[in-house]
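Residues 10 to 271 (my numbering) are what the sequence shown spells out, left to right.
In case anyone wonders, no lab produced these hints; they're calculated from the structure. A portion of the hints provided could be inaccurate.
[Unchecked claim] Across the chosen pairs, the derived CB separations fall in these ranges:
1) 90 <-> 265: 27 to 33 Å
2) 210 <-> 82: 41 to 47 Å
3) 236 <-> 206: 57 to 63 Å
4) 95 <-> 251: 20 to 26 Å
5) 203 <-> 43: 30 to 36 Å
6) 43 <-> 239: 30 to 36 Å
7) 172 <-> 241: 27 to 33 Å
8) 41 <-> 270: 18 to 24 Å
9) 166 <-> 67: 39 to 45 Å
10) 94 <-> 199: 32 to 38 Å
Quick caveat, the model's predicted, so the values are computed rather than measured. Virtual Cβ for every residue (Gly too), placed ideally from N, Cα, C.
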Amino acid sequence: GAADKNTVTVILLHEFKGSRKDFSVLAPYLAQQGYAVMVPDLRGHGDSTSRLDVRSRKVVKFEAADMRKNDFSQIARHDMGALRRFLVAKNNAGELNLNKLVILGMEMGAGVAIDWAVYDWSFPDYVGVKQSKDVKALVLISPQRTYSGLQTSQSLKHGAIQSLLPIMIVVGGADRKARSDASYIYDKMKSVRREEFPDLSPAEAMEKRTLWFFQPETTLQSAKLLKAMASKLRDTIHKFIDLRVASDTSGATAWVEHATPK
Numbered sequence: 010g011a012a013d014k015n016t017v018t019v020i021l022l023h024e025f026k027g028s029r030k031d032f033s034v035l036a037p038y039l040a041q042q043g044y045a046v047m048v049p050d051l052r053g054h055g056d057s058t059s060r061l062d063v064r065s066r067k068v069v070k071f072e073a074a075d076m077r078k079n080d081f082s083q084i085a086r087h088d089m090g091a092l093r094r095f096l097v098a099k100n101n102a103g104e105l106n107l108n109k110l111v112i113l114g115m116e117m118g119a120g121v122a123i124d125w126a127v128y129d130w131s132f133p134d135y136v137g138v139k140q141s142k143d144v145k146a147l148v149l150i151s152p153q154r155t156y157s158g159l160q161t162s163q164s165l166k167h168g169a170i171q172s173l174l175p176i177m178i179v180v181g182g183a184d185r186k187a188r189s190d191a192s193y194i195y196d197k198m199k200s201v202r203r204e205e206f207p208d209l210s211p212a213e214a215m216e217k218r219t220l221w222f223f224q225p226e227t228t229l230q231s232a233k234l235l236k237a238m239a240s241k242l243r244d245t246i247h248k249f250i251d252l253r254v255a256s257d258t259s260g261a262t263a264w265v266e267h268a269t270p271k
């Protein structure tokens, strides 16, 4: 895609026991739309399956099955922080706009996206120093109400999630448990946002809403849902990002140099 100060930045976060390969169709498509797309293998997944053992000082195999509660919280803090440091350098080089950051997460990745957005919006900026509030929208595919090691239930109470950030939720509506979880998250935001446009057509109303919710009639979730509905979902995701972030002219998403993280 393009590489300048107007470029929307998108991070794609896979599900538990998934990998960056889950986005083999979506990632190139979003890049073709001109977005800067980052697709990491999260710890214990894909090519990120080794770690330094503190006691033996040897590199050991570390896979998803080995993950404990603390590892999930570390993804949402430490690992996302490492990704951000990389993006800060790209931003300050004028290769992208980190102030137009969109995070798309599936299942575990959705929980990480929510937690990181809250962390990002809770961290203070100082006069003339930009170091937070970069996340401008979330896309949550098959999000779970709670996830081991993540702070989802607490994060959903944060103002950025409840009312501020544009959020798109997708879930296979024929799976009762998955639909219940996604609906719970959706209802938490809907009750605060109160986005009703009775005088507009459904299509016109959707374009004005900051909260989008899709429940295709399938039991498929996460990567399988994304694969099965690739063309329709990718177009809708692109439309959401374009309307809510790429086309924003409020000044809230203007490029700015960021403080270099320590």
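> Between residue 43 and residue 239, does the C-beta distance stay in 30 to 36 Å?
Replying inline: violated (19 Å)
> Does the Cβ-Cβ separation between residue 94 and residue 199 fall within 32 to 38 Å?
Replying inline: With a Cβ separation near 35 Å, residue 94 and residue 199 satisfy 32 to 38 Å, so the hint holds.
> Is it true that residue 90 and residue 265 lie within 27 to 33 Å of each other by Cβ?
Replying inline: violated (19 Å)
> When you take the CB atoms of residue 41 and residue 270, is the distance between them in 18 to 24 Å?
Replying inline: Distance hint for residue 41, residue 270 is violated at roughly 30 Å.
> When you take the CB atoms of residue 95 and residue 251, is the distance between them in 20 to 26 Å?
Replying inline: holds (25 Å)
>> Please check whether residue 166 and residue 67 have a Cβ separation lying inside 39 to 45 Å.
In response: Given about 42 Å between the Cβ atoms, the range holds.
> Does 41 to 47 Å hold as the CB distance between residue 210 and residue 82, or does it fail?
Replying inline: holds (43 Å)
> residue 203 and residue 43, beta-carbon distance inside 30 to 36 Å?
Replying inline: This hint holds: roughly 33 Å between Cβ atoms.
> Does the hinted range 27 to 33 Å hold for residue 172 and residue 241 at CB?
Replying inline: Once the Cβ atoms are compared, 28 Å apart, the range 27 to 33 Å for residue 241 and residue 172 holds.
>> Holds or violated: the 57 to 63 Å window for the beta-carbon distance between residue 236 and residue 206?
In response: violated (33 Å)
The structure is inconsistent with the numbered hints 1, 3, 6, 8, although it conforms to all the rest.
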